[in-house]
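**Q** Please construct the entire structure, taking both the sequences and the accompanying hints into account.
Residue numbers (this note's numbering), protein chains in the order written: chain A, 1 to 153; chain B, 1 to 242.
Just so you know, these hints were derived from the structure itself, not from any lab.
Honestly, I wouldn't trust all of these hints.
[What the hints assert, rightly or not] Calculated cross-link-like contacts (lysine-lysine; reagent style DSS-like; alpha-carbon spacing at most 25 angstroms):
{"#": "1", "chain 1": "A", "residue 1": "Lys92", "chain 2": "A", "residue 2": "Lys136"}
{"#": "2", "chain 1": "A", "residue 1": "Lys153", "chain 2": "B", "residue 2": "Lys76"}
{"#": "3", "chain 1": "B", "residue 1": "Lys96", "chain 2": "B", "residue 2": "Lys229"}
{"#": "4", "chain 1": "A", "residue 1": "Lys6", "chain 2": "B", "residue 2": "Lys76"}
Given next are the chains, with one letter for each unit.
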Amino acid sequence: MIQNDKLKFEQVVRGGNKVVLLQGVIDEDTNLAPLLKLGGPLTFNFKGVTSINSLGIRSWVNFIKELGDTVIVYEECPPVIVRQLNMIPSFKAGARVASVYVPYVCEECEAEKLALTTASNFDSVAEYIPCEACQKGEMEFDGTPEQYFAFAK
Amino acid sequence: MSNEALKIVGQPPLVCGIMTRKEAALHIIGGARNLHSHLSATKDPTVSLTTRAVKEGVPPTYHWELKDAAHDLLRKSEDRSSLIEKIIAATVRSQKRDLIEKVRTVGEELVTNALYHSVRSSDGKDARARQSQLSLNDNEAVKIAYGSTPEGVYIAVEDNGGSLGFNDIAQALQRCYGQAPIIENKEGGAGLGLFMVFEAVTHMKVELNPGKSTRIACWIADPKVYSPKHFSFNFFDGAPLV
Numbered sequence: 001m002i003q004n005d006k007l008k009f010e011q012v013v014r015g016g017n018k019v020v021l022l023q024g025v026i027d028e029d030t031n032l033a034p035l036l037k038l039g040g041p042l043t044f045n046f047k048g049v050t051s052i053n054s055l056g057i058r059s060w061v062n063f064i065k066e067l068g069d070t071v072i073v074y075e076e077c078p079p080v081i082v083r084q085l086n087m088i089p090s091f092k093a094g095a096r097v098a099s100v101y102v103p104y105v106c107e108e109c110e111a112e113k114l115a116l117t118t119a120s121n122f123d124s125v126a127e128y129i130p131c132e133a134c135q136k137g138e139m140e141f142d143g144t145p146e147q148y149f150a151f152a153k
Numbered sequence: 001m002s003n004e005a006l007k008i009v010g011q012p013p014l015v016c017g018i019m020t021r022k023e024a025a026l027h028i029i030g031g032a033r034n035l036h037s038h039l040s041a042t043k044d045p046t047v048s049l050t051t052r053a054v055k056e057g058v059p060p061t062y063h064w065e066l067k068d069a070a071h072d073l074l075r076k077s078e079d080r081s082s083l084i085e086k087i088i089a090a091t092v093r094s095q096k097r098d099l100i101e102k103v104r105t106v107g108e109e110l111v112t113n114a115l116y117h118s119v120r121s122s123d124g125k126d127a128r129a130r131q132s133q134l135s136l137n138d139n140e141a142v143k144i145a146y147g148s149t150p151e152g153v154y155i156a157v158e159d160n161g162g163s164l165g166f167n168d169i170a171q172a173l174q175r176c177y178g179q180a181p182i183i184e185n186k187e188g189g190a191g192l193g194l195f196m197v198f199e200a201v202t203h204m205k206v207e208l209n210p211g212k213s214t215r216i217a218c219w220i221a222d223p224k225v226y227s228p229k230h231f232s233f234n235f236f237d238g239a240p241l242v
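**A** Okay, structure coming up:
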């Protein structure tokens, strides 16, 4: 595991592919240089990323640029990363987004859920799903598909 | 869109109407300092406040600038994250992820700008290194006000540098809304962060007292109760400290 104070990286191999599990905060203190030595293709798993600020975005954009033609995949992107995919084109650059978490909120009990959705379902995500917490209400997609999946267009 | 430095001459009139966020940014890039996007902008009382303020040169206090807001001073840069989490806990009344993320983004970016990009040295560059640990006295400390209603969250951040000019804001928006957004710059600030704030908030008011202070006040409406096309941006300079 390569470790910074606030962002931890762990490299695993899955099906012969290098996967980097990111956990924590991406900000001005993040040093992504150790990841440049890994070589491609690379999959970045963002499930554990809790927040990212503008300086972290800048670091990530510069890092992706330095990776050049390396084949890159983003997976398990939480809403905070999806927001950057939609707002900053160079954050995604040429990466393929394999999966994202879609936020749902229950109208009855206000429970929240993040539902993992793969790329093949980006254009057919359900607007409502049953609430497992209260089993009474329906959970509504907390956003609009057009805005949430704008990066995929 | 050209990426050459902007020159703003004179002050265009108040811009009202319905527009997208990008259209609003283009107006600001074109020099508009006061802008209200609303279904019936001319009937919006806040437009009247803005019109009078522009004529009289005194920034108004909008209804969303909560009078009973809590106040805090940030003296140490290492306390930034805990203060932002405190603001979120105090203002977001339920686990509304979208609202929490917006409040975190706005708080983080405004406070970071106030800490590291508000004070310039004689060569015009930032006087405080971005990754330095800061310990400020009461006069230098960043002032934060925050509060909420069921309709949204109010945050205001004030620094004692007074260096964020209108051109800085316009250039930041131009860099980020341009055809080829430029955010890879390794130096400087007040760029991507301002763009993120502009995208996240419903209302934004900037009061610049050149060389003395900059106060940025924002209202972040609960996504369930507002229209995305209802927002405002207002910039006032030469304003006295409030």
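**Q** Quick check: which numbered hints come out false for this structure?
**A** Of the numbered hints, 1 and 2 do not hold.
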